[in-house]
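Peer 1: Chain residues, written in single-letter form:
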Amino acid sequence: MSKFNKKKSGDLPAISTASLPDIVFMLLFFFMVATVMRQNTLMIENKLPVADQIEKLDKKDLVMYIYAGKPSSRYRASAGNQARIQLNDKFAAVEDVKAFILAERAGKREELIPFLTTALKVDGQTNMGLVGDIKKELREVQALKINYTTRTGSAMDNFN
Amino acid sequence: MARRSAPEVNAGSMADIAFLLLIFFLVTTTIETDSGISRKLPPPQEEDIVPPVLKEKNIFVVELNKNNDLLVEEAPMELKDLREAAIKFLDNGGGSGDEACKFCQGDRDPASSDNPTKAVISLRNNRETNYATYIAVQNELVAAYTTLRNREAQRLYGKSFVQMEKDLKDVNYSGSKISLKEDIKTIQFMFPEKLSEAEPKK
Numbered sequence: 724m725s726k727f728n729k730k731k732s733g734d735l736p737a738i739s740t741a742s743l744p745d746i747v748f749m750l751l752f753f754f755m756v757a758t759v760m761r762q763n764t765l766m767i768e769n770k771l772p773v774a775d776q777i778e779k780l781d782k783k784d785l786v787m788y789i790y791a792g793k794p795s796s797r798y799r800a801s802a803g804n805q806a807r808i809q810l811n812d813k814f815a816a817v818e819d820v821k822a823f824i825l826a827e828r829a830g831k832r833e834e835l836i837p838f839l840t841t842a843l844k845v846d847g848q849t850n851m852g853l854v855g856d857i858k859k860e861l862r863e864v865q866a867l868k869i870n871y872t873t874r875t876g877s878a879m880d881n882f883n
Numbered sequence: 008m009a010r011r012s013a014p015e016v017n018a019g020s021m022a023d024i025a026f027l028l029l030i031f032f033l034v035t036t037t038i039e040t041d042s043g044i045s046r047k048l049p050p051p052q053e054e055d056i057v058p059p060v061l062k063e064k065n066i067f068v069v070e071l072n073k074n075n076d077l078l079v080e081e082a083p084m085e086l087k088d089l090r091e092a093a094i095k096f097l098d099n100g101g102g103s104g105d106e107a108c109k110f111c112q113g114d115r116d117p118a119s120s121d122n123p124t125k126a127v128i129s130l131r132n133n134r135e136t137n138y139a140t141y142i143a144v145q146n147e148l149v150a151a152y153t154t155l156r157n158r159e160a161q162r163l164y165g166k167s168f169v170q171m172e173k174d175l176k177d178v179n180y181s182g183s184k185i186s187l188k189e190d191i192k193t194i195q196f197m198f199p200e201k202l203s204e205a206e207p208k209k
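First to last, the protein sequences are chains R and D.
According to the working numbering, the first sequence is numbered sequentially starting from 724.
According to the working numbering, the second sequence is numbered sequentially starting from 8.
Possibly wrong hints are sitting among the right ones.
Covered by chain R, according to a simulated footprint, are these stretches of chain D (three or more residues, beta-carbon under 8 Å) [stated by the list, open to error]:
id : segment
1  : 28-39
2  : 45-59
3  : 148-154
Simulated from the structure, these hints should not be mistaken for laboratory data.
Using N, Cα and C, we set each Cβ at its ideal position, and we do this for glycine too.
When you get a sec, could you build the whole thing from the sequences and use the hints?
Peer 2: Here you go:
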């Protein structure tokens, strides 16, 4: 009557991991679709402010990015702890903004140049003096379309 | 001879490979924030240009000092009241004759702005002002314009201004885009965004 023998209680059935790759692939595809490759390695703190009256920048290739903020802890020793501008992968001075814009323009097709937008990704704790200086430089090279990049949310959250 | 069935490939390491790829993508990519407040800077000014004369009552002065305090028309104000105050100023319509505003729903106070097309908001900040505060103020001022534009678009065309702009970008929009563009222009003309930024004080 071995048919009715109870199984030994000791060995639990192994949990099937056959669907584990599927789950991981699902995550992988999500990240592949929802994210973009990092363009610049940020050397500054960049906690963007919050706003709700926002427009989306849709043409990625027509956007020039200017970052500003306090150098992150790794670079404190060499770059100080005052807010700095970062262009591409380097710290830059205010005077370099013009050259940067002109270089970006030179790389684009001529008919696209009027549509170029400058996205200012500035840390919320930066002083307006630096931002004002950047804007002054941009005016001088006629890069008049700008976008203050922000996260989405209520503007009141900026003070917490 | 009977065909032997192909031996099963061991898929146990598939998860490891997928994890490896997943971690690679997690490290090298970012979720990009690509939206923000769009603004247009004024073109560089020539030295000898005389600034146009504006009536004092048509200017709404918003000032941010170095302690991030908000001063509106020289009186302190909380940020949450700024939107309301800006709407009240823009929508006042205190003008008469040529400068009368037919669609304004404000108080028609003769001491405030004549017409939304004349009203200018002047934003001045200190060099020490926090960027986050500045963005919050910009946001509230843009919101004031958007609220008014939405109201007029709703009245004239039966849908909000934000919806109209969204339709203009939408490739599947069924109506005529040319007339939509005209309508948007009309609304923008009724409430032009006249936001002037003074040079920051040292």
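Peer 1: If a hint holds in the structure, say so; if it doesn't, say that too.
Peer 2: Hint check results:
With 9 residues having a Cβ less than 8 Å from any Cβ of chain R, the segment 28-39 of chain D passes the three-residue criterion, so the hint holds. For the segment 45-59 of chain D, the stated coverage by chain R holds: 7 residues have a C-beta nearer than 8 Å to a C-beta of that chain, and at least 3 were required. Only residues whose C-beta sits within less than 8 Å of a C-beta in chain R count toward coverage, and the segment 148-154 of chain D has 3 of them, enough to reach three; the restraint holds.
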